[in-house]
Structures are given as C-alpha cells and as structure tokens.
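Chains as they are written, first to last, in the numbering used here: chain A, 1 to 246; chain B, 247 to 515.
Some hints could be false.
Stated by the list, open to error - No farther apart than 25 Å at their CA atoms in a straight line, the calculated lysine-lysine pairs in the PhoX-like style are these: (1) Lys46(A) x Lys229(A); (2) Lys327(B) x Lys502(B); (3) Lys129(A) x Lys272(B); (4) Lys272(B) x Lys327(B); (5) Lys334(B) x Lys105(A); (6) Lys257(B) x Lys272(B); (7) Lys330(B) x Lys28(A); (8) Lys187(A) x Lys63(A); (9) Lys339(B) x Lys148(A); (10) Lys380(B) x Lys129(A); (11) Lys334(B) x Lys268(B); (12) Lys105(A) x Lys327(B); (13) Lys105(A) x Lys502(B); (14) Lys254(B) x Lys15(A); (15) Lys257(B) x Lys129(A); (16) Lys334(B) x Lys28(A); (17) Lys148(A) x Lys340(B); (18) Lys258(B) x Lys340(B); (19) Lys339(B) x Lys268(B); (20) Lys268(B) x Lys330(B); (21) Lys460(B) x Lys339(B); (22) Lys340(B) x Lys15(A); (23) Lys339(B) x Lys105(A); (24) Lys334(B) x Lys148(A); (25) Lys258(B) x Lys46(A); (26) Lys148(A) x Lys268(B); (27) Lys272(B) x Lys148(A); (28) Lys214(A) x Lys240(A); (29) Lys15(A) x Lys502(B); (30) Lys327(B) x Lys305(B); (31) Lys254(B) x Lys105(A); (32) Lys327(B) x Lys129(A); (33) Lys214(A) x Lys183(A); (34) Lys28(A) x Lys129(A); (35) Lys305(B) x Lys268(B); (36) Lys28(A) x Lys46(A); (37) Lys105(A) x Lys340(B); (38) Lys254(B) x Lys339(B); (39) Lys506(B) x Lys105(A).
Calculated directly from the structure, the hints in this document are not laboratory data.
Note that the coordinates shown come from a computational prediction; the quantities given were computed from them, not determined experimentally.
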Amino acid sequence: MSDITETAITVSDVKVRYRMFKKISLLKTILAPYKYKKTELFEAVKGVSFEVPRGQILGIVGKNGSGKSTLLKAIAGIFSPDEGTIDLHGHSVSLMSIGVGFQSKLSGRENIYLSGLLLGFNRQQIDEKLDEIIEFSELGDFIDRPVKTYSSGMHSKLAFSITAILETEIMLVDEVLSVGDAKFKKKSFEKMKSLITNSDRTVVIVSHSTETLKSLCDTILWLHDGEVKMQGSCEEVLPKYEEFMS
Amino acid sequence: MLEIRFFKDFKKYFSYVVFAAKAELKSEVADSFLSWLWWFLDPLLYMLVYSFIAVVVFKSNVQYFPVFVFLGLNTWTFFSKTMKSSVKLVSAKKTIVTKVYVPKYMFVFEKIGVYGFKMIISNLLVVVTMIGYKVPLTWRVVWIIPISIVLVIVTFGMSTIIMHFGVFVEDLLNVITVVLQLGFYLSGIFYSIETIGKNIQGRVPDPYGDLLVKLNPFALLITDLRRVLLYGENPHWVMMCAWLFAGILMSFVGIKIIYKFENSYVKVI
C-alpha cells in the first residue's frame, strides 16, 4: 500500500512575504494619514520547490536570515505562503520547539493535556502517553506542582518530553534540541535521534551544525536569501556549503 | 465549504477550548482559595453602587431593584469582558500562535466559556434575590434559554470581528473601551429604557427608547430577560429573531475573515 516513494511533503514555488500587514494606529491614521502609508515589503522565501518522500530526513542549511525558519513555519501551517502551495498529503505535523506556552499557575500534568490538545491529540491519546511523558521528563513529584515553581531546566525538560513523546508523522525540527543538564542532554539527543531516524517518520531539520546534519540527513537543501542554492545528498552539498561559509 | 470546515475544526478543537477555559478559571482560583468569592462580590458591590445612584440620586422606584440590576449587570459584564479580552487576544496567545496552528476564533470560545461560567455563578445571586423578594414566576422563564443563545451568538460574532482588527490596529483597545462605556449607559443596566406596566417608568422617551431597544442588542437582551423573569411578559420576538440572524451573520463574517487572514497574524505580532 505505502511504497517507499510515497511523497510526504510537496512544496511548490512557495513565496512568503512579510509586508502589507503592518500595525496601524487609528489615531495616527487620522492625524497623519500620509505619513503612515509606507509598507515595507520583504520577501523571506522567494519561490522554493522541493519534495520529501515519506520516511526521509531533509536537512535545511543556510546563513541567518535565509528563510529557513520561515519555510519551516509555513510547512507547519502556522502561516500560509503568499504564493505557491504546500501539500502534506494528509499527514499530521508538528514543529518541535520548546513549549507551546505553559500556563504557569497550573500543574505540569495539566499542562501536558493543554499542550497535547493544542497539538491536535485527543484526551484518550494523551492519557495513553501521559505516564511515558512524565517518566521521560524526570520531574517526579513536581509534575503535580504548578509550572511556575519549576526551574528553567525542568521547564524545558517537560516541554521536550511533551513534543518528543506525542509523535506526529511529519516532524519539523528547528535546531536539534538538547536541553537540561548533561545527563538529560544526552538522553534527549538520543531520543531525538531515534525519533528522527524512525523509518516511518518524515523529518525536516533546520540546523547550523553540519556535523549533526551529516549524521542524520538523507538529503540537504541549501537556502540562500530565500532561494534554493543547491539541493542534493550530504556529500554533494555540505562541503560546498562549508566552503561558502568560511 | 466554510460551514464544513468550521464544524470540523470546532469538533477537533472543542476539547482544547473546554480544557483551556477550565484551566484559566482554575489558575484564577489557584492564587488564593477565596478569589472565587469575587465572582459573587463583584456584581454584589456594583449592584450596591448602582442602587445608591438610582434610588438615592435619581429617585428610581423600580420593583425588585437588586434583581433588576443584577440581570443587567451580569449580562453586560459577560459581553463586555469577552469583547475587551478579544481585542488583544491573538497577541496574548502569542506563545501558542507562533508554534502551532489553531483556528483563532477558538480563543473567543475559550473566553466565552470563562466569562459564561462566571455569568452563571453570578446569576446565582439573581436566583437568591428573586427568592428573597418572592418574585412570582410564570412559565415564561423558559424564554431565558433562547435569550441566552442570542446573547452568546451576538457576543461571539462581534468579538471575533474585533479580534481580527485588534491584531492590526494598535489603539483599538482604547476605542473599544470608550465604546463599551457608552454601550453600558445605553443598555439600561440600572434604569429601565421602556415603560413596563404601571410601576416601571421608562427613562428614555419614545421614539428613542423604542429605537434603542431595537438597535442595541444588549438593551434588547437585558430588557427581555427582565420581562420574562420579573414581569411575566413575552420577549420582543421579532427583534430577538432579527438579532439572532444578525448574530449568525456576524459570526459567519468573523469566521470567514479569520480563516482568510489568521495565517498572517504571526507576521504582525
């Protein structure tokens, strides 16, 4: 049924602009209507197309401001491209990031539900994974205390555990996360690695570390100023990218 | 198309909304166990303030005055709090909006849940005072159900539209605050707009009073709540239906613009 060449992500000619929607003020518009007409137009992604087959791992490289994170957010559905289309072929998607915003007065347990529901899981699915999340987070009794009592390390441990254990079919990773103390860092990196290398999962990773990408990715997409500069295997792209950056 | 997507999304995110609304109420109480007391004290103290103004200063002689004020106050507070919190709602939910997709009008439902719950709690005061005053009840009390439905739909419609503009217009909150203040005085919360029976003298002379009840949905809703609960009269059916349709239309427009523009919100906040 699902052969290996099945496509998980199709991005075609995507353009993302930051413009037209600038904050306006009614008062300023009335008092100085001409002063306020200027709108800056900035195209962060300028017509990018690529496909990711199911189960593959795509790495995106590029210097700061080349549109990597913008593209990732567009794939996650956080905002729509101004032109072009992104088709996820019905797969569930999540953007791995530290915390979907915790309610600090609520307990860790309640925040797991809150984040899980936001990520599109239902109560039952969260119930099933709850123990695993709590165990992975190493929070122990703190799980029933308000999140505001957590140290920053505990905070990120919980956030990581939620996103790592409530898995989706497509995972978007903005910088491979490793959080907490040395021990947890190692554990979370291992977890990430096992999530990423799972052959059923399609992953897009944005990273500056060519080492990480070399060890994880199947193909690399090099973005430069919002355009695809190069696309191919790690061996083809990464050496040229390193050369370019140095 | 739009309806299908709306109902699908509504179903998908409904449990989030319920959980989030509960969470918000819970975290309000979490600080001190007695903070829920304020859900009663707030309307109670305001009722006393308005009673003082209306009875002592303006020599009002409205029957069952505390109930009369509570009904107006609770209804208005529900609307105005939902509306006010909607203006900056998207940026208040920044941490969520920038990381995951949620249909943004679901946040309005969350607020409706929170303030709706508080309205129900403070309406217990209405029940208690009605028992205290031995207000005779008629079967017409059942009409509070359709009236409440219209209240929620109109509030939702207005709040979603306002939420959309609140993303782009920096000083919208200032404008909304003033408009709500005006709305408060024009909704007959501590006075009666229309003359009811022999006892209650309308404070706004017709045709203005009549116009006000027709054009201001909250004046209508509050007046009609009092009619069915206190005076055993029917609501203004025609206007109630008109506002039901207007509410549905506003909700439709609100949902449509949110679907169209919500993915640009992240670029602004």
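Taking the hints in turn, this is what the structure says about them:
1. Lys46(A) x Lys229(A): Cα-Cα ~11 Å, so holds.
2. Lys327(B) x Lys502(B): holds (23 Å)
3. Lys129(A) x Lys272(B): With Cα atoms ~24 Å apart, lysine 129(A) and lysine 272(B) stay inside 25 Å; holds.
4. Lys272(B) x Lys327(B): holds (18 Å)
5. Lys334(B) x Lys105(A): Holds, because 21 Å separates the two Cα atoms, which is no more than 25 Å.
6. Lys257(B) x Lys272(B): Within the cut-off at roughly 23 Å; holds.
7. Lys330(B) x Lys28(A): holds (22 Å)
8. Lys187(A) x Lys63(A): Violated, because 29 Å separates the two Cα atoms, which is more than 25 Å.
9. Lys339(B) x Lys148(A): holds (18 Å)
10. Lys380(B) x Lys129(A): Answer violated: lysine 380(B) to lysine 129(A) is near 54 Å, above 25 Å.
11. Lys334(B) x Lys268(B): holds (20 Å)
12. Lys105(A) x Lys327(B): holds (21 Å)
13. Lys105(A) x Lys502(B): At roughly 34 Å apart (the allowed maximum being 25 Å), lysine 502(B) and lysine 105(A) break the hint.
14. Lys254(B) x Lys15(A): Violated. Lysine 254(B) to lysine 15(A) sits at ~28 Å, over the 25 Å cutoff.
15. Lys257(B) x Lys129(A): holds (22 Å)
16. Lys334(B) x Lys28(A): holds (19 Å)
17. Lys148(A) x Lys340(B): holds (18 Å)
18. Lys258(B) x Lys340(B): Within the cut-off at roughly 21 Å; holds.
19. Lys339(B) x Lys268(B): Cα-Cα ~16 Å, so holds.
20. Lys268(B) x Lys330(B): holds (20 Å)
21. Lys460(B) x Lys339(B): It is violated: about 36 Å lies between the C-alpha atoms, which goes past 25 Å.
22. Lys340(B) x Lys15(A): With a Cα-Cα distance of about 24 Å, the restraint between lysine 340(B) and lysine 15(A) holds, given a limit of 25 Å.
23. Lys339(B) x Lys105(A): holds (16 Å)
24. Lys334(B) x Lys148(A): Status holds; Cα separation ~24 Å.
25. Lys258(B) x Lys46(A): Violated, because 33 Å separates the two Cα atoms, which is more than 25 Å.
26. Lys148(A) x Lys268(B): holds (18 Å)
27. Lys272(B) x Lys148(A): holds (14 Å)
28. Lys214(A) x Lys240(A): holds (13 Å)
29. Lys15(A) x Lys502(B): holds (23 Å)
30. Lys327(B) x Lys305(B): Violated, because 30 Å separates the two Cα atoms, which is more than 25 Å.
31. Lys254(B) x Lys105(A): Not satisfied, since the Cα-Cα distance of roughly 31 Å exceeds 25 Å.
32. Lys327(B) x Lys129(A): violated (37 Å)
33. Lys214(A) x Lys183(A): holds (24 Å)
34. Lys28(A) x Lys129(A): Since the Cα atoms of lysine 28(A) and lysine 129(A) sit roughly 51 Å apart, the hinted pair is violated (cutoff 25 Å).
35. Lys305(B) x Lys268(B): It is violated: about 42 Å lies between the C-alpha atoms, which goes past 25 Å.
36. Lys28(A) x Lys46(A): Roughly 33 Å separates the two Cα atoms, so the pair is violated.
37. Lys105(A) x Lys340(B): holds (18 Å)
38. Lys254(B) x Lys339(B): holds (22 Å)
39. Lys506(B) x Lys105(A): violated (34 Å)
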